[in-house]
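Those protein sequence lines, which keep their order, are chains V and C. Letter 119 of the first sequence, counting from 1, is numbered 119 in our numbering, and no numbers are missing. Just add 1000 to wherever you are in the second sequence, counting from 1, and you've got our numbering.
These aren't lab readings, by the way, just hints derived from the structure by calculation. The structure displayed is predicted, hence computed values, not measured ones. We put the beta carbon where it would ideally sit given N, CA and C, even for glycine. Don't take every hint at face value.
[As the list claims (entries may be wrong)] Some but not every residue of chain V turned toward chain C, in silico, with C-beta under 8 Å:
1) Arg26
2) Gln33
3) Ala36
4) Tyr69
5) Met76
6) Asn131
7) Leu134
8) Ala135
9) Arg150
10) Asn151
Number of protein chains: 2
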Amino acid sequence: MKKSTLPMFLAAALAAYVIPASSQVRPETQMKQRQAAMTLQGKYFYPIRAQAQGKVPYDAAIVARNVAYLDQLARMPWDGFTPATKDIKSRATPAVFTDTAKFKQAQDHFQAEVTKLVEVTRKGDEASIKNQILAVDKTCNSCHDDFRERN
Amino acid sequence: MKKSTLPMFLAAALAAYVIPASSQVRPETQMKQRQAAMTLQGKYFYPIRAQAQGKVPYDAAIVARNVAYLDQLARMPWDGFTPATKDIKSRATPAVFTDTAKFKQAQDHFQAEVTKLVEVTRKGDEASIKNQILAVDKTCNSCHDDFRERN
């Protein structure tokens, strides 16, 4: 078997080499990165939610900018919820790691509503935009109900 | 003077009402938000820098996605470096709050190089993309030299 040892070793080394960088990221860093994405979703969502709720005046320029950011930020947290992070203390509920299908469904629902927000924002009708901002808010809350521990 | 008191009060109340949401954000939250943007810049930049450095194989799909994210993330940290945050412990050097013109110049330089990266990535020439990734890396480091404390 000696003859095959070297090729096998090389194959293993090569496999390690081509693993995407993300899977080499420490679990603590993965958690920090996913929390960072959530923090920035808050930064750009809360001000436009306040506009949709009539708490601050509507500002189309802020909505357009924030929605463009949210379109990207909505995609960023999910790959940080890997099994490797399941024992690190965070507000992720155990369901994140056990009910992965439902968690994925909640992510997809959120992203679909954000995509819809991007579309209505492009069309520019204030009432529709405000309604859709509130629809996005519902998907945030509904996902948090199941997958984020209460403070 | 009693007659003018009410209008002045109303004007002040209105001014408070129309202040952008960002200026109502607690300094600690502003710091957390700017650090979140830096964390995500790292998440999406380090893997493509490793590709540019030849440490991992070049992957055009990952580069395209990460560069699109970085285009947005490059704009997100700067409004978090407000004077209100200057006494909160962080890695921001005092120069962030004293040499604001130079700090702004460093931000603009970084964003210009990221914009150039977006353009070369669109054109698709691997060697140019790799060079431009390394050019962006230089602007990160050069800004950190002046405006981020060493660990």
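A quick look at each hint next to the structure:
1. Arg26: violated (12 Å)
2. Gln33: holds (5 Å)
3. Ala36: holds (4 Å)
4. Tyr69: It holds, given that the least Cβ distance between tyrosine 69 of chain V and chain C is near 6 Å, below 8 Å.
5. Met76: At 6 Å from the nearest chain C Cβ, methionine 76 of chain V passes the 8 Å test, so the hint holds.
6. Asn131: Result: violated, 20 Å to nearest chain C Cβ.
7. Leu134: It is violated, given that the least Cβ distance between leucine 134 of chain V and chain C is near 17 Å, above 8 Å.
8. Ala135: Violated, because the Cβ-Cβ distance from alanine 135 of chain V to chain C comes to roughly 20 Å (cut-off 8 Å).
9. Arg150: Status violated, d = 20 Å.
10. Asn151: Hint violated; asparagine 151 of chain V Cβ to chain C Cβ min 15 Å, cut 8 Å.
Hints 1, 6, 7, 8, 9 and 10 from the earlier list are contradicted by this structure; the remaining hints agree with it.
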